[in-house]
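Asker: Here's the letter readout for the chains.
Number of protein chains: 2
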Amino acid sequence: MTMQDARTREIGWHKGYLEGSRPDLRVPVRRVHLTDGNDVTLYDTSGPYTDPSVETDVRRGLAPLRQNWIVARGDTEEYSGRPVRPEDDGLRHTSPRGGLRNLDAVFPGRPRLPRRGLPGRPVTQLAYARRGEVTPEMEFAALREGLSPETVREEIAAGRAVLPANVNHPEIEPMVIGKRFLVKVNANIGNSAVTSSIEEEVEKMTWATRWGADTVMDLSTGRNIHTTREWVLRNSPVPIGTVPLYQALEKVDGRAEELSWEIYRDTVVEQAEQGVDYMTVHAGVLLRYVPLTARRKTGIVSRGGSIMAAWCLAHHRESFLYENFEELCDILAAYDVTFSLGDGLRPGSIADANDEAQFAELRTLGELNTIAKRHHVQTMIEGPGHVPMHKIKENIDLQQEVCEEAPFYTLGPLTTDIAPAYDHITSGIGAAMIAWWGTAMLCYVTPKEHLGLPDRDDVKTGVITYKIAAHAADLAKGHPGAQAWDDALSDARFEFRWEDQFNLALDPDTARAFHDETLPAEPAKTAHFCSMCGPKFCSMRISQDIRRTHGGDSGAASAGVSEGVDPELDAEIAAGMAAKSAEFAAAGNRVYLPLAE
Amino acid sequence: MTMQDARTREIGWHKGYLEGSRPDLRVPVRRVHLTDGNDVTLYDTSGPYTDPSVETDVRRGLAPLRQNWIVARGDTEEYSGRPVRPEDDGLRHTSPRGGLRNLDAVFPGRPRLPRRGLPGRPVTQLAYARRGEVTPEMEFAALREGLSPETVREEIAAGRAVLPANVNHPEIEPMVIGKRFLVKVNANIGNSAVTSSIEEEVEKMTWATRWGADTVMDLSTGRNIHTTREWVLRNSPVPIGTVPLYQALEKVDGRAEELSWEIYRDTVVEQAEQGVDYMTVHAGVLLRYVPLTARRKTGIVSRGGSIMAAWCLAHHRESFLYENFEELCDILAAYDVTFSLGDGLRPGSIADANDEAQFAELRTLGELNTIAKRHHVQTMIEGPGHVPMHKIKENIDLQQEVCEEAPFYTLGPLTTDIAPAYDHITSGIGAAMIAWWGTAMLCYVTPKEHLGLPDRDDVKTGVITYKIAAHAADLAKGHPGAQAWDDALSDARFEFRWEDQFNLALDPDTARAFHDETLPAEPAKTAHFCSMCGPKFCSMRISQDIRRTHGGDSGAASAGVSEGVDPELDAEIAAGMAAKSAEFAAAGNRVYLPLAE
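Top to bottom, those sequences are chains A and B. In my numbering, each residue carries its 1-based index in the first sequence increased by 43. In my numbering, each residue carries its 1-based index in the second sequence increased by 43.
Only chain A is shown next, with the shape it has when bound in the complex (with noise of 0.2 angstroms):
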């Protein structure tokens, strides 16, 4: 997306910040102006990407925003980190482009020391929150969520909730995850031999925060990984996850039985120097679960379980990840890179869903869960796959059940396997269920699942529809102040203010292009009809005209009444309808109104 793009987009709202306790606590909001006068205040992930007064420059990134907050805690300390080599990037020391020197020089920006715990001291916002500390991160995304400071600290204390954030990740913008909050929907990027570039996966990162997604996964394979990473993380105001395994294959070209403890771990601290925020780990799948998927009817369907899978029965030895896990939680306490307990044993279609193969998997994830949190690390758990609806209850109940409350990850559900091309969709269906049952994170689904690698209007199209999963969830748990957007835009429904109506909604160019095919342009924005009535017959405009007549203003509306009519009213409305029936014939009786009006 260029900035051009983002000026136009802009039109009927502006970057609004939110004052926090100090200075340099500043929370990004997205202000929509309506037309009359009022404006609604809408959580924003778009980054300074979307601020005119700010010069951004992705071959510079953004602007160290934790910096201060972080070395101030003086917990942390610079260090030479260790050498990138030309492995990293898939590169062979034949490969003219190899050598440590080019490597260096692909990220122009400014230069930096990667930083890490003292020795001994986990620096986690699990570790602070224990302590009862409330960071500035955790102010920062409890004014996003509009809740105080301390329930922020309490969820994530009590391993509820997560904030992740590296310590060489100080461009995010922080953000919580878990169950008391908003519902947060993850976007995936990532480049493969197939296709896609390094700029493709930045501009990829940037249009998906821009519509909303809360976190980016980097999931590239191939050449340019770790230079992709690099270019990502620097310009993202959004947490990034990755699945160093992916990174780790590389260097072993791909050949899973010569994968190693010591290489997968020299990758991890790779990626948590970067700064990584979180990342995803197949410690789960174990050697004697991988018999249970041979009569699956799709088997292993996880990229990650299946690579593990592989090492496992080439070695006949239990999984590396799973032997080494408290030395891996080590490693994450250093940096704050929070664990996301891959389920490398989801279900591939209906048929495989909530079997032994996946629910002995999710077991063990929670035996991980307790020892990671014995590191202080935070930890979310991931889950589904395809689930047909009766059997996805079961799910989030068992994670929450075997893994104290952690917060749930999960990948829609597939509600059904029979709608290629409409995955978002199908999967929609179950990711707005699981989250209303408490899933606190969702990783969205684009139409090209099953097919392709997704494009830009793909991932647009998943990012909008996971949101819609969200913020349907979010109304549905009763999140404070959820309802207010749907009040909004149905307000501006009813008063006809069209514009509103469009600057309100997830997508307000498709909405704005959609009217434009179907009425004329300016007129029709403002006349009281509703399209879906021909142009003249408006059934709004009589419940108007009732309540002119009745008085009784929208605010309290809905409630008054469902809480039943008071005899006060009953009176105020027998008294109305009689001045409605002259004022019926006055006005000659007329229903219809003239375009004009």
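It cannot be assumed that every hint is accurate.
It does not matter which identical chain is meant; a pair holds if it fits inside one copy or across any two.
[Said to hold, decoys possible] Cut-off 27 angstroms, straight-line C-alpha distance, at most; resulting in silico cross-link-like pairs (DSSO-like, lysine-lysine):
1. Lys436 with Lys520
2. Lys436 with Lys416
3. Lys434 with Lys520
Treat the hints as calculated values from the structure; they're not laboratory data.
Chain A is fixed; fit chain B onto it per the hints.
Answerer: Frame of chain A; chain B shown alone:
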């Protein structure tokens, strides 16, 4: 859609027929040809248009499939019928196009006299079912569902299902609507003063049924209502529904207060003689309920509801639909027109969901349902609207309670108001849930909802989205055979039979197009890798290797696993894994697969 399109879209499947108990009872099905030589049989709503052996001509209409069945029952008579008047098409006498002769000439198909039940004889499927008769229509619908004809009869007799089949619409392929059967989807078409023509409406109807619409509602307003309906009915293989009030309003030039029982009744007879299979009647909008909407956020959003509200206000009298309901029942019983009791006070926003106005009307619909049944008139009840997820179940539970389990027919519900241009998705989420809980038919919502009139692409998107919701509900309800479709597609996916995946998809064209976008054409479609993981790596293949080692076929697959692994399988697996290790070594520990393989 041209027949050319139809032909090309038929590659990979053909139109088949299930033979009933009599030679003239042939039930259409879609037989998908798999590359492994097997066929998958799917429910088919597309009518004769997809049968290359049938010559269709929209100017002559479809063959009267049910004519002999209706005549053979000997309980109906042909009669001269109500004279067609220019006003029926919204034409004034001054109109140059006015005049009876012109109107008769408008539909060139075979001349016919209307038919009705002999005096005092209800000729409804409900009356037959109560008498213990299994009609050819019931057997036809049962074969489509894969259930026994007796089950269909029982459900209709109990009022838990309806089989909309006007004696004047012999062209339809009978289908049944009820919670024990496959969830059905209705698509709305209809011109308005704003746009669209007769030809367009007929094409929208055939287009909607081609993608899976089980019924179609013609919501035309403005000019040529009568003639448009005639063309749609004569060419429709699915039941057609209408809202007679819309045409009645045109006859009084849009002045609601000039509506009368006489004008309404005349319109109902006119439409019943044409063959309308079910009619939405807003008889539950009572004078005393109107004020309950005064303080709503979005008032009355149902067009029929606001017309009746206006009439009640103008006259300060009770609804003429409510007061003449028993006479209306006798008219519908004489043609077997099914009631769709309209929810004129449905909520138009999240804020208004489940309020007193909505549920007061629902209880009245319950009373009317009891009266209609007494007159042997088949009846379904309309519902939601805009309803947040946590308030959806209350709607279906209350409806089932107060309407004696009569089929519920719901619009969506939309689970949030913030996504205009995506309301097929906001409502698809609610539709899947309410259908799982017992709703029998879903009225689709297109991306243009609230913004404009749907075009051809919107109709397709709306139907596909709702077929997804309906099928997800069929899976969750455990409809016998529903999962076979998913299993067939999952098997094809696991075995990388791309063409089979496309042909089994709800929308083969789009699935095929998306796949082609990111992968080389032919080779990729048979190559053993998944495009999501790049060209070489294949997680599913690993599972195939595991399976090959451990034996077991995909058939009994997951069932066996989810019931737990028996010792025998354990042993088999242990042996298999040893062999697997050797296999790995022998194959040079290759996890990757060459593209060619």
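Asker: Now look at each hint and say whether the structure bears it out.
Answerer: Results of checking the hints against the structure:
{"no.": "1", "hint": "Lys436 with Lys520", "in the structure": "both (15 angstroms within a copy, 15 angstroms between copies)"}
{"no.": "2", "hint": "Lys436 with Lys416", "in the structure": "within (25 angstroms within a copy, 38 angstroms between copies)"}
{"no.": "3", "hint": "Lys434 with Lys520", "in the structure": "both (20 angstroms within a copy, 11 angstroms between copies)"}
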